[in-house]
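Input sequences plus hints: build the corresponding full structure.
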Amino acid sequence: MRALVTGATGCLGRALVEELSLHGWNLRTTARTPADLPDFMAADLVTSDLRPILKGVDVVFHCAALSSAWGSEAEFIAANVTATRRLLQAAEDAGAMRFVFASTPSLYADGTDRLDVAENAPLPARCVTPYAHYKRLAERMVLAADGGMRCNAIRPRAIYGRYDRSLLPRLFQAMRRGMVPMIGGGHALIDVTHRRDAARAMILAASGPGGRVWNVTSGRAFAFRDLVEIAGRRSGLRFRSPRIPYSLAMSLATTAETMARWRGGAEPALTRQAVASLGRSLTLDITAARRDLGYKPLVGFEEGLQECFA
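So the sequence shown is numbered by UniProt numbering: it starts at 1 and just counts up by one.
Since the hints were derived computationally from the structure, they do not count as laboratory data. None of these values were measured; they are calculated from a predicted model. Not one of these hints is a red herring.
Subject to a maximum C-alpha distance of 16 Å in a straight line, what follows is the list of computed EDC-like cross-link-like pairs (lysine to aspartate or glutamate):
id, residue 1, residue 2
1, K55, E92
2, K55, D39
3, K55, D93
What follows is the structure in structure tokens.
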């Protein structure tokens with residue numbers, strides 16, 4: 001079996017390459033930036049001819065995305081919707097048998113606390129962030145394409161580990177600045193997913209029943225303040241943790257984003273996505289993944305955190 005891994009230079013993509021290699025898969029990898037990875041072919045999924053990278057591929061693991069709290073609507077559409085549509089069509093034309101999409105549980109977020117959310121839970125009429133909105137559209141496309149090519153998706157919660165460029169790096173950056181705000185007191189519950197657990201779930205989903213999506217986590221929820229305490233103790237950094245009401249934090253983030261866009265500058269230190277993610281509880285029910293795929297989390301947070309400092 002030959003597998004294509006898109007977004008192969010990212011946290012999940014690299015974990016997939018490692019797991020698939022361990023199990024003897026024949027690999028092809030792609031990303032926009034050249035990398036020393038198996039049978040690597042640099043490509044932009046929005047503009048490149050995708051036929052060469054799909055030639056001879058049996059299974060597509062689609063991890064490439066704009067996974068960010070910051071970006072223009074056009075960037076989110078291109079990276080998360082257009083790229084997925086083009087890859088789906090190219091995979092089908094090439095005769096691929098399976099297509100597995102890395103989606104996001106951000107599409108569950110509605111500004112309230114949501115606990116033990118199952119895959120069939122009601123989704124908000126309007127997503128909290130552009131990222132969630134366009135990943136939701138992409139996921140729908142993937143599941144609707146199920147047919148001769150089996151198409152599935154997973155919704156992994158807060159992937160972290162080596163090569164993570166989002167979750168823990170942002171947290172450590174705030175620690176280095178000397179302050180990690182405790183939005184709503186830091187009581188929001190968050191479950192996380194080590195990159196190896198997420199990669200194994202992707203591989204299991206390739207053999208699952210078609211047209212399905214599964215929640216994936218490492219099986220344990222933490223209050224945000226406890227995650228920060230564990231990470232801070234491991235890093236040795238000193239910082240303050242002032243409490244900020246959720247409504248105030250969202251107002252500050254909205255103002256910061258408005259000013260940043262007006263100035264045409266970089267992502268502000270506080271974004272609405274960060275406030276929504278860290279100030280409201282969101283935990284997932286992974287019963288379906290356990291039942292349908294035989295998924296079992298293997299890496300706890302304290303263990304997974306160690307590789308971030310290796």
